[in-house]
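Chains A and B, in that order, are what the protein sequence lines are. Numbering-wise, this note's numbering puts 161 at position 161 of the first sequence, and it's gapless, one number per residue. Numbering-wise, this note's numbering puts 466 at position 466 of the second sequence, and it's gapless, one number per residue.
Hints listed in this document are in silico derivations from the structure and should not be mistaken for laboratory results. A portion of the hints provided could be inaccurate.
What the hints assert, rightly or not - DMTMM-like, lysine to aspartate or glutamate: derived pairs with alpha carbons at most 20 angstroms apart:
{"id": "1", "chain 1": "B", "residue 1": "K391", "chain 2": "A", "residue 2": "E156"}
{"id": "2", "chain 1": "B", "residue 1": "K391", "chain 2": "B", "residue 2": "D247"}
{"id": "3", "chain 1": "B", "residue 1": "K430", "chain 2": "A", "residue 2": "E156"}
{"id": "4", "chain 1": "B", "residue 1": "K430", "chain 2": "A", "residue 2": "E46"}
{"id": "5", "chain 1": "B", "residue 1": "K103", "chain 2": "B", "residue 2": "E292"}
{"id": "6", "chain 1": "B", "residue 1": "K430", "chain 2": "A", "residue 2": "D125"}
{"id": "7", "chain 1": "B", "residue 1": "K250", "chain 2": "B", "residue 2": "E293"}
{"id": "8", "chain 1": "B", "residue 1": "K245", "chain 2": "B", "residue 2": "E199"}
{"id": "9", "chain 1": "B", "residue 1": "K430", "chain 2": "B", "residue 2": "E224"}
{"id": "10", "chain 1": "B", "residue 1": "K102", "chain 2": "B", "residue 2": "E292"}
{"id": "11", "chain 1": "B", "residue 1": "K391", "chain 2": "A", "residue 2": "E166"}
To be verified - Chain B residues, not near chain A, derived (Cβ > 12 angstroms throughout):
{"id": "12", "residue": "V138"}
{"id": "13", "residue": "S165"}
{"id": "14", "residue": "A180"}
{"id": "15", "residue": "F187"}
{"id": "16", "residue": "S188"}
{"id": "17", "residue": "I216"}
{"id": "18", "residue": "Q246"}
{"id": "19", "residue": "P253"}
{"id": "20", "residue": "T290"}
{"id": "21", "residue": "H296"}
{"id": "22", "residue": "E352"}
{"id": "23", "residue": "S401"}
{"id": "24", "residue": "L423"}
{"id": "25", "residue": "I427"}
{"id": "26", "residue": "A473"}
{"id": "27", "residue": "V478"}
Computed from a predicted model, the values in this text were never measured in an experiment. The beta carbon of each residue, even a glycine, is placed where N, CA and C say it ideally should be.
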Amino acid sequence: MDQDVQPKAEARAEKVAPADPAPPPDPVDESVDGSVDQDAHHQRDERVTRVVHIVLGLVIAALGAWLLYRSHTELAFRGSNGEPGPGYLPVLLTTCLIGMGLLLSAVWLFGSKARHGDAPTLSLDPRGMGRALLVWLALVVCALTIEPLGFLLAGEVLVLLIMGIERIRSIPLIITLLLVPPAMYLLFDTLLEVQLPGGTLWY
Amino acid sequence: MNAFEGLLHGFESAITPTNLLWLIVGCLLGTLVGILPGLGPPATISILLPIATGFDPATGLIMMAGIYYGAKYGGSTTSILLNIPGESSSVVTCIDGYEMAKKGRAGQALGIAAIGSFIAGTIGVIGLTFLAPVAADVAVHFGPPEYSALMVFALLLVIMLAGDSMLKGFISMFIGLFLATIGTDLFSGEQRFTGGQIELAGGIEFIALSVGIFAIGEVLVNIEDKTEKKLFEVPKKLRELLPSKQDIKKSTPAMLQGGVVGFLIGILPGAGSTVASFVSYIIAKKTSKTPEEFGHGSIEGVAAPEAANNSETGGAMVPLLTMGIPGSGTGAVLLGALVLYGLNPGPLLFHEHGDVVWPIIASMYLGNVALLIMNLPMVPFFAKLLNTPYKVLYPAILLISVVGVYSVNFSLFDVGLLVVFGLLGYIMRKLDIPPAPLVLAFVLGPIAENSIRQSLLLSDNSPIIYLQRPISAVLIGVAVLLLLVLTFGRRARKVREQVIEIDA
Chain A
1 MDQDVQPKAE ARAEKVAPAD PAPPPDPVDE SVDGSVDQDA HHQRDERVTR
51 VVHIVLGLVI AALGAWLLYR SHTELAFRGS NGEPGPGYLP VLLTTCLIGM
101 GLLLSAVWLF GSKARHGDAP TLSLDPRGMG RALLVWLALV VCALTIEPLG
151 FLLAGEVLVL LIMGIERIRS IPLIITLLLV PPAMYLLFDT LLEVQLPGGT
201 LWY
Chain B
1 MNAFEGLLHG FESAITPTNL LWLIVGCLLG TLVGILPGLG PPATISILLP
51 IATGFDPATG LIMMAGIYYG AKYGGSTTSI LLNIPGESSS VVTCIDGYEM
101 AKKGRAGQAL GIAAIGSFIA GTIGVIGLTF LAPVAADVAV HFGPPEYSAL
151 MVFALLLVIM LAGDSMLKGF ISMFIGLFLA TIGTDLFSGE QRFTGGQIEL
201 AGGIEFIALS VGIFAIGEVL VNIEDKTEKK LFEVPKKLRE LLPSKQDIKK
251 STPAMLQGGV VGFLIGILPG AGSTVASFVS YIIAKKTSKT PEEFGHGSIE
301 GVAAPEAANN SETGGAMVPL LTMGIPGSGT GAVLLGALVL YGLNPGPLLF
351 HEHGDVVWPI IASMYLGNVA LLIMNLPMVP FFAKLLNTPY KVLYPAILLI
401 SVVGVYSVNF SLFDVGLLVV FGLLGYIMRK LDIPPAPLVL AFVLGPIAEN
451 SIRQSLLLSD NSPIIYLQRP ISAVLIGVAV LLLLVLTFGR RARKVREQVI
501 EIDA
């Protein structure tokens, strides 16, 4: 509503005194603008948090339902003498998961704290999360290359990927990081005699 | 064997060159882990488990226990110098510790933290020495119904006191319990949710799960935070690290109170050192002659929480060693270690493996002395480590995690599990779902399931057996009462909100 009103008021002011020079920025106004931005940011965080929790609850309930179906169809609920069977606990647990998931969604959809913005917000910075997930992907690549390349080279692959993700340019840091996999290899394979993969490509 | 005899035998076994060496290594590693944010005791112990299982059980467990309480000593350093808790248990120390550092009293804060940790840590171990054999004697009479009731009680306590949302705590617990069902059912021999994978026939590898959730998950969360804080100057001379006689006189009641409170709270599974340090801080403030100083650099405000969080370790070892109930993520990993060594955690551990348990308890006395000696003069060196860029640290943590998990079964499948659980641990932290209930439930789940099924077999499938046996009835009654009080009780909710506020 305020957004609709403000542009018209500004336009009217320009018509009345178009020659007036722009007044110097008021520091108080700047801080007010800053706090307005913060409020908008906080409200966005609240909305995102609420949506995430509602979706999370539904995902947990859906996962619980799928696991309940599998538990019910693949495993016997009771044994031959009526005692608890292999499916007893899985059925109970998955039923509880469905209930908890739906409750979580309901609390965030209808709960007073969530609706009035009093609930704590999640810290979901896309940039930070993107960086973390890239590092996780680097770890996936390392895990996939351990068998063919061996631990030492797979470790160097991980370190090189991390250097790219973190944009490390400092030479001492680069050298230190490149020395980490050989140091690990020396410590574990040589000193502690934990046999690490040598790589199927070379043997 | 009474407590004195057990302790003497324990000292005899602990004071060997090998055990002393690994005790010091454990204490040093623990201090480093406590100082460096981003790698906690559960992750460190998990990573070292495969190597430690190559040692004698007493030696390996002495080292791991050293890491456990060493981290409590180290955690205060970053709290005081950087206002960043190195460990979650050092959160409360930030309040007054950092204020003291701002006033140029960082040395005295660090000194009183070390002294308080030593005094209260010793109180905790003395409590463990005398209470543990008594608890073990009581627990010997536990049958399947008592065990299953105790597991349920422990899991409920963990959920109630960990994290700001009990609902999320329950979700975490149920996921952990479900993950524990994957593998071969012991009663029927049927495969459950293995998807035909032979590697899952024995269940999910505990180390892959714990390292993934604790270490990888923590690393991924910490990668997001790129802020760097300025470090306060740490005094280099030992003299400047020692508090004055007046400081010690003022802090003594807080240290003693923290020692007792920490131990008693540590006995409760799930309470943890964060709750212990918070409760001790509140009591110290209420009983202090100068409560107005709290929050503005009160030395009692550093002494009390540090004392409690160290004494809590002794308390937490009571249910762990006597009943096989871990009270925290670290306890769960230590329990996993006991199982890997072929030791059956539970009341018979004291009776059948006193040669392992008593050296661990004896080593805790020695460890406290070692940590006091290490922490005071080496604090300036440890503080320098805080300048290590995290970008250098975390690739090493990732690689150590991979090696640690691989070396358990020399299985790349386990490394794959590590990566998957690493992502799960990260997602859980981002969504504020506490990971500790998941790991605890994973460890306790099989014991709980077996006990429940045995109990129902005994009672011809009637759950009334839990109410017919006095101990299980009391445990279930207390658990339900606690659940109601903490969920609906106004005062209790206020306390939880205050804990969460401080934690934030």
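- Item | Least C-beta distance between B:V138 and chain A, which was stated to exceed 12 angstroms | holds, 28 angstroms
- Query: When you check the alpha-carbon spacing of B:K430 and A:E156, does it fall within 20 angstroms?
  - Reply: Violated, at roughly 29 angstroms.
- Hey, is B:I427 genuinely clear of chain A, shortest beta carbon separation above 12 angstroms? Incorrect as stated: the minimum Cβ-Cβ distance to chain A is 10 angstroms, not above 12 angstroms.
- Query: Is the Cβ of B:A180 more than 12 angstroms away from each Cβ in chain A?
  - Reply: violated, 9 angstroms
- Taking only the CA atoms, is the gap from B:K391 to A:E156 under or equal to 20 angstroms? holds, 15 angstroms
- Message: Using Cβ atoms and 12 angstroms as the threshold, tell me whether B:H296 really stays out of contact range of chain A.
- Response: Its Cβ never comes within 12 angstroms of chain A, the nearest being 27 angstroms, so this holds.
- Message: Hinted pair, alpha-carbon criterion (20 angstroms max): B:K430, A:E46. Please report holds or violated.
- Response: Holds, at roughly 15 angstroms.
- Item | Pairwise hint evaluation, B:E199 against B:K245, where the allowed Cα distance is 20 angstroms at most | violated, 61 angstroms
- Query: Since B:L423 was said not to touch the interface, does its Cβ keep a gap of more than 12 angstroms from each Cβ of chain A?
  - Reply: Contrary to the label, B:L423 does not stay out of reach of chain A, its closest Cβ about 6 angstroms off (not over 12 angstroms).
- Query: Does the claim that B:S165 lies outside the interface with chain A hold up, using a Cβ gap greater than 12 angstroms?
  - Reply: Incorrect as stated: the minimum Cβ-Cβ distance to chain A is 9 angstroms, not above 12 angstroms.
- Taking C-beta pairs only, is B:V478 more than 12 angstroms away from all of chain A? Consistent with the label, B:V478 stays out of reach of chain A, its closest Cβ about 21 angstroms off (over 12 angstroms).
- Query: Are B:K391 and A:E166 close enough, with their CA atoms no more than 20 angstroms apart?
  - Reply: Measuring from Cα to Cα gives roughly 8 angstroms; hence the hint holds.
Figure legend: structure checked against the earlier numbered hints; hints not met, in rising order: 2, 3, 8, 13, 14, 15, 16, 17, 23, 24, 25.
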